[in-house]
Amino acid sequence: MEQTSSGGPVIEFRDVSYNLPNGHPLFSRLNLQVAVGETLVLLGRSGSGKTTALKLINHLATPTSGEVLVNGVPTRNSDIIRLRRGIGYVIQETGLFPHYTVEKNIGLVPRLEGWDAERIHQRVLELLQLVELEPAVGSRYPHQLSGGQRQRVGVARALAADPPILLMDEPFGALDALTRAQLQHEFLSLQQRLHKTVVFVTHDLREALRLGSRIALLEAGRLVLVLTPQEFLCSADPLAAAYVQAFADSRTAAHGGAP
Amino acid sequence: MNLFHFLSQNQDQVFELTLEHLWLVGISTLFAVLIGVPMGILSARRPIWNKPVLGTANLIQTIPSLALFGFLLPIPWLGERADRIAILALTLYALLPVIRNTFTGIRSVDPAVVEAARGMGMTESQLLFHVELPLALSVIFSGVRIAVVVSVGLATIAAAIGAGGLGEFIFRGLAMVNNQLILAGAIPAALLALAADFTLGWLERRLRPR
Ligand SMILES: Nc1ncnc2c1ncn2[C@@H]1O[C@H](COP(=O)(O)OP(=O)(O)OP(=O)(O)O)[C@@H](O)[C@H]1O
Ligand SMILES: [Mg+2]
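Just so you know, the sequences run in chain order P and F. This note's numbering puts the first residue of the first sequence at 2, with every later residue one more than the last. This note's numbering puts the first residue of the second sequence at 323, with every later residue one more than the last.
Each hint should be verified, as a subset may be incorrect.
Said to hold, decoys possible - Once the Cα atoms are required to be at most 25 Å apart in a straight line, the calculated SDA-like pairs of lysine to any residue come out as:
(1) LYS105/P / THR445/F
(2) LYS105/P / ARG429/F
(3) LYS105/P / SER460/F
(4) LYS105/P / HIS122/P
(5) LYS373/F / PRO22/P
(6) LYS105/P / SER147/P
(7) LYS105/P / ARG530/F
(8) LYS373/F / ASN23/P
(9) LYS105/P / ASP432/F
(10) LYS105/P / PHE451/F
(11) LYS105/P / SER387/F
(12) LYS105/P / LEU450/F
(13) LYS105/P / GLU526/F
(14) LYS105/P / ARG527/F
(15) LYS373/F / SER387/F
(16) LYS105/P / PRO433/F
(17) LYS105/P / HIS452/F
(18) LYS105/P / LEU195/P
(19) LYS105/P / SER447/F
(20) LYS105/P / LEU134/P
(21) LYS105/P / LEU529/F
(22) LYS105/P / LEU455/F
(23) LYS105/P / GLU446/F
(24) LYS105/P / ARG494/F
(25) LYS373/F / LEU455/F
(26) LYS105/P / GLU437/F
(27) LYS105/P / ALA434/F
(28) LYS105/P / GLY73/P
(29) LYS105/P / LEU449/F
(30) LYS105/P / VAL436/F
(31) LYS105/P / PRO456/F
(32) LYS373/F / PHE326/F
(33) LYS373/F / PRO360/F
(34) LYS373/F / LEU352/F
(35) LYS105/P / ARG528/F
(36) LYS105/P / GLY148/P
(37) LYS105/P / GLN448/F
(38) LYS105/P / GLU94/P
(39) LYS105/P / PRO165/P
(40) LYS373/F / THR426/F
Just so you know, the hints here were simulated from the structure itself, not pulled from any lab data.
When you get a sec, could you build the whole thing from the sequences and use the hints?
In structure tokens form, the structure reads like this:
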């Protein structure tokens, strides 16, 4: 998938409204732009609509009204299969194929794209190294991995065909703090080399501050604000302030400084 | 004359009737799979088809087998040969477990996996053939196993309309009030059902995804 040469946003929500299958409106007239090479973090509570926002981008969900544009083209009018193959998707529950080995899981999109076997094999080895997994892991099945290893495989799978866009839905969700910090570090160093356009979902402010070039705060389907991490930390918005306060509290508590 | 004696003396005929029996069961199961799997897929994919398809298959199961054989008898081409009727009837009975298990198997694939497949840009047919069917295979297969085991029993009744199979002995034995003869049909049929259950059960476990 080519980038738009115009320098316009890679992803754009234009007055997007979305009703849930039961008819309840989740988003109404949502506007949001994601620039090339940035990591936009969607921050929000459980049920605020983060996953749904990602699904609107790769057309797993269709806007009730308004448009989502990817590289300037409304997803409504684009070839959905082509669109999706150009967007790496790391889903919240990892969604690895249980009947495929790790190698086959990672090589899926290249296989669909008709790469030859040797090239796929090389690519898989490269990706395993990238996410710091032993090459031997390639022949295992997902149920033979730890949760953290599975999440790494999920990330590798999304990167396989080198898509310019990545959608990551709490990719480090189920991990202990140390592994999580390590993966965040790996993500940052990857991103320095790969310059993907990333939409990253989390409910963890620390993660958002660390990884995001901008943070979009969602609350019950409403886009409250979009700010850089620095701006977020000193925002006067009550909800943003509440997040920062909760974050600060957890740090003071950890330092034994609670009153 | 005891049963064992009878069986060994009529070896050839026992063998022939067993083969006939297997043929009736085998060919009808094949048809049931060819029809039932697509219908199961259809009802899993298009919820509006779910009720009518499963409802019809259920309804067929409630028709007593002898009555079904009787209903089919006057149908032109079909009625000419008893084995055609028997095969159709057995196929109809085998449909329910095949359809139901295909439906259940596909519906029980982890939604996260289906979503990942779609999200990565699989077409609907790639999703079906590379993800849903492989993951549903052991459940579908257990439906086939149930169909086969039930068919082995039902096929004995096919002899009532002259379609052959191990039921021949049973009906002859009933007519002649000869228990030995009845058992000569019933015991091989039961063994057949057990053997089918065992082999297909073994295959099913091998197909089970991890
Ligand atoms: N298929 C669906 N049918 C009905 N409601 C749905 C469906 N999918 C999501 N919802 C509802 O939409 C809202 C947003 O869901 P979404 O999955 O986008 O939240 P989220 O921000 O990703 O939450 P989490 O952090 O728990 O993953 C929730 O209230 C959820 O219950
Ligand atoms: Mg979510």
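With the threshold set at 25 Å, check whether the alpha-carbon distance from LYS105/P to SER447/F stays at or below it. Roughly 18 Å between the alpha carbons, so the hint for LYS105/P and SER447/F holds.
Check whether the Cα positions of LYS105/P and SER460/F lie no farther apart than 25 Å. Holds, at roughly 21 Å.
Next pair to validate is LYS373/F with PRO22/P; report whether the Cα-Cα distance is within 25 Å. 21 Å, holds
Holds or violated: are the alpha carbons of LYS373/F and PHE326/F at most 25 Å from each other? With a Cα-Cα distance of about 49 Å, the restraint between LYS373/F and PHE326/F is violated, given a limit of 25 Å.
Hint consistency between LYS105/P and GLU526/F [alpha-carbon to alpha-carbon, up to 25 Å]: Holds - the C-alpha atoms of GLU526/F and LYS105/P are around 23 Å apart, at most 25 Å.
Within a Cα-Cα threshold of 25 Å, do LYS105/P and ARG528/F meet the stated pairing? 20 Å, holds
Take a quick look at whether LYS373/F and ASN23/P sit within 25 Å of each other, Cα to Cα. Holds, because 22 Å separates the two Cα atoms, which is no more than 25 Å.
Run the distance test for LYS105/P versus ARG530/F: straight-line Cα separation, threshold 25 Å. 18 Å, holds
Please work out if LYS105/P and GLU437/F have their alpha carbons no farther apart than 25 Å. 17 Å, holds
Is the Cα-Cα distance between LYS373/F and SER387/F 25 Å or less? 23 Å, holds
Restraint status (C-alpha distance of LYS105/P to GLU94/P at most 25 Å): Holds - the C-alpha atoms of GLU94/P and LYS105/P are around 18 Å apart, at most 25 Å.
Check whether the Cα positions of LYS105/P and LEU450/F lie no farther apart than 25 Å. 17 Å, holds
Hints 11, 24, 28, 32, counting from the list given before, are not met by this structure.
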